[in-house]
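Q: One-letter residues, chain by chain:
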Amino acid sequence: MTDTIPRFAGFGLGLRREHQRDFVEHEQPVDFVEIISENFMACGGRPMRTLEAVRERHPVAMHGVSMSLGSPEGLDPDYLGELRLLARRIDPLWVSDHLCWTRVGGFATHDLLPLPYSDEALAVCIANVKHAQDVLERPMLIENPSSYVTFAESTMSEWQFLAVLAQETGCFLLLDINNVFVSSVNHGFDPLAFLAGIPADRVRQMHLAGHSAGPDGMLIDTHDAPVCSEVWQLYREAAARFGPCATMIERDDAIPPLPELLAELELARGHAASPRLAA
Amino acid sequence: MSLLARQNAFRSEIASADQDGRAPSSTGMEIYRNAYRGRLLGALETSFERTRRWVGAEAFTTAACHYILTRPPCSWSLDLYGSDFPELLGDLFADDPEVAELAWLEWHMQSAFAALDAPQLDAAELAAGDHAPGYWDDLRFDLAAGFAALPIVTNVCALWNALSEGDEEFSVTRTAGNNLIVWRQGLSPRFRSVDGAECLALESFAHGGTLGDLAQEHGADRLGAWLARWLGEGLLARMAPN
Numbered sequence: 001m002t003d004t005i006p007r008f009a010g011f012g013l014g015l016r017r018e019h020q021r022d023f024v025e026h027e028q029p030v031d032f033v034e035i036i037s038e039n040f041m042a043c044g045g046r047p048m049r050t051l052e053a054v055r056e057r058h059p060v061a062m063h064g065v066s067m068s069l070g071s072p073e074g075l076d077p078d079y080l081g082e083l084r085l086l087a088r089r090i091d092p093l094w095v096s097d098h099l100c101w102t103r104v105g106g107f108a109t110h111d112l113l114p115l116p117y118s119d120e121a122l123a124v125c126i127a128n129v130k131h132a133q134d135v136l137e138r139p140m141l142i143e144n145p146s147s148y149v150t151f152a153e154s155t156m157s158e159w160q161f162l163a164v165l166a167q168e169t170g171c172f173l174l175l176d177i178n179n180v181f182v183s184s185v186n187h188g189f190d191p192l193a194f195l196a197g198i199p200a201d202r203v204r205q206m207h208l209a210g211h212s213a214g215p216d217g218m219l220i221d222t223h224d225a226p227v228c229s230e231v232w233q234l235y236r237e238a239a240a241r242f243g244p245c246a247t248m249i250e251r252d253d254a255i256p257p258l259p260e261l262l263a264e265l266e267l268a269r270g271h272a273a274s275p276r277l278a279a
Numbered sequence: 001m002s003l004l005a006r007q008n009a010f011r012s013e014i015a016s017a018d019q020d021g022r023a024p025s026s027t028g029m030e031i032y033r034n035a036y037r038g039r040l041l042g043a044l045e046t047s048f049e050r051t052r053r054w055v056g057a058e059a060f061t062t063a064a065c066h067y068i069l070t071r072p073p074c075s076w077s078l079d080l081y082g083s084d085f086p087e088l089l090g091d092l093f094a095d096d097p098e099v100a101e102l103a104w105l106e107w108h109m110q111s112a113f114a115a116l117d118a119p120q121l122d123a124a125e126l127a128a129g130d131h132a133p134g135y136w137d138d139l140r141f142d143l144a145a146g147f148a149a150l151p152i153v154t155n156v157c158a159l160w161n162a163l164s165e166g167d168e169e170f171s172v173t174r175t176a177g178n179n180l181i182v183w184r185q186g187l188s189p190r191f192r193s194v195d196g197a198e199c200l201a202l203e204s205f206a207h208g209g210t211l212g213d214l215a216q217e218h219g220a221d222r223l224g225a226w227l228a229r230w231l232g233e234g235l236l237a238r239m240a241p242n
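Chains as they are written, first to last, in my numbering: chain A, 1 to 279; chain B, 1 to 242.
Hints listed in this document are in silico derivations from the structure and should not be mistaken for laboratory results. Treat the numbers as computed from the prediction; the structure is a model and nothing was measured. A hint or two may mislead.
[Claimed, not checked] Per the computed footprint, the stretches of chain A lying under chain B, defined by three or more beta-carbons under 8 Å from a beta-carbon of chain B, are:
1. 24-34
2. 154-162
[To be verified] For the chain B half of the interface with chain A, some residues (derived, Cβ under 8 Å), not all of them:
3. Met1
4. Ser26
5. Ile31
6. Ser77
7. Asp117
8. Leu121
9. Trp160
Just so you know, even glycine gets a beta-carbon here, dropped at the ideal spot from N, CA and C.
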């Protein structure tokens, strides 16, 4: 198994159903495309033909939402097997998933649920990431989710947890800048402290997205709006701190026509090329 | 609290019914609970769009919420959530059997769309080759990608077509002895009604039946007509000799 992932300094979009025809029928100005892995696992027919056509034109990153790396019950071998089959078929830039749990006792949550940042959770995640990387025969990228609760069991910060996870497993990081901002507002931490605590040499991709206002002043990671000014500012800081890496605009709801997202991606190119604002 | 105990408690809180009378323990847990229900309801609304239009949004939401509470998801793919929703609709709308039949059709058309590929068989491939004595009698087939069959008691195929054309005032009628089949031809999901004999003949392939078995049961003429139609419709896959 290779133990590194080369840096890829491109700008991409997610392959959403609303835009599949645009990507299949026309050349689009993106450097890579990200798919939700589960949408193409154990699948044939038109979805697979579409993915194969897109793959002929663009590098593809596989982004999962159901690995459940925070499960003390371990990983689902059937899931891992299907994921490995898809990775072999697509030859992706990388395979990513989230620092979260999505399954317990046969119950699938279909949401990225938060973990306490405890020694027990860290040991579970380290074991699961190592297992997944062994099966996939490649290092993974792990993404920070948004969260809306904290736990009494936590003994470290999220960024400390991620840094140790990367150090112990050799995984790389997918930094979701919107999630950093959302969680910083919800839990009252300094988002720049989060960025400062992340090992720069492990970051390979950044996600950008919009969010919405929730109850009691909380923010919700809804992926249904353009990137806001605070997140752009944090992205400029992250781009300066972490150097060249892949950047993607994530939109999963209220999906606009493709040209709108391409225009937003052009904004990302501009921000990445401009100097940081914060010290 | 151990991590596993924490996750089980979390699960109980987000998946519990409002009638339990327990308020969420925090604003954050309320966000998770709403997101869980909203995501599952959205998945059912997407998968059963025609059924929702047929029964109305309010009745559909009531049924969907009951389903979400009683049959929580267990698959890693949200696309697989709702496989037995038609069965629940059959119980809830016992006097309106077209509801469950329509939901079954929607579910299987969607499943066939993305089903794993099965190599389609055409007439030329079947006829080619040096055929030894007994060749035809021993032939077996797999069925096309996404094949599924259901006994039906209404004109649900016509209902599907009416809803596709925006006609929501369609008159449902009862039928007898019919079956509904779904499969994928090339990249396109298909469906049609078949009588009981043809349905059993097709399903016999899934149990290892041969052409010889079918010829004996139904006669060569009837089987020949079926075979020509099945090949034309892409209903048969990969030839598997005994």
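Q: Which of the numbered hints are not met once you compare them with the structure shown?
A: Hints 1, 2, 8 and 9 contradicted; others consistent.
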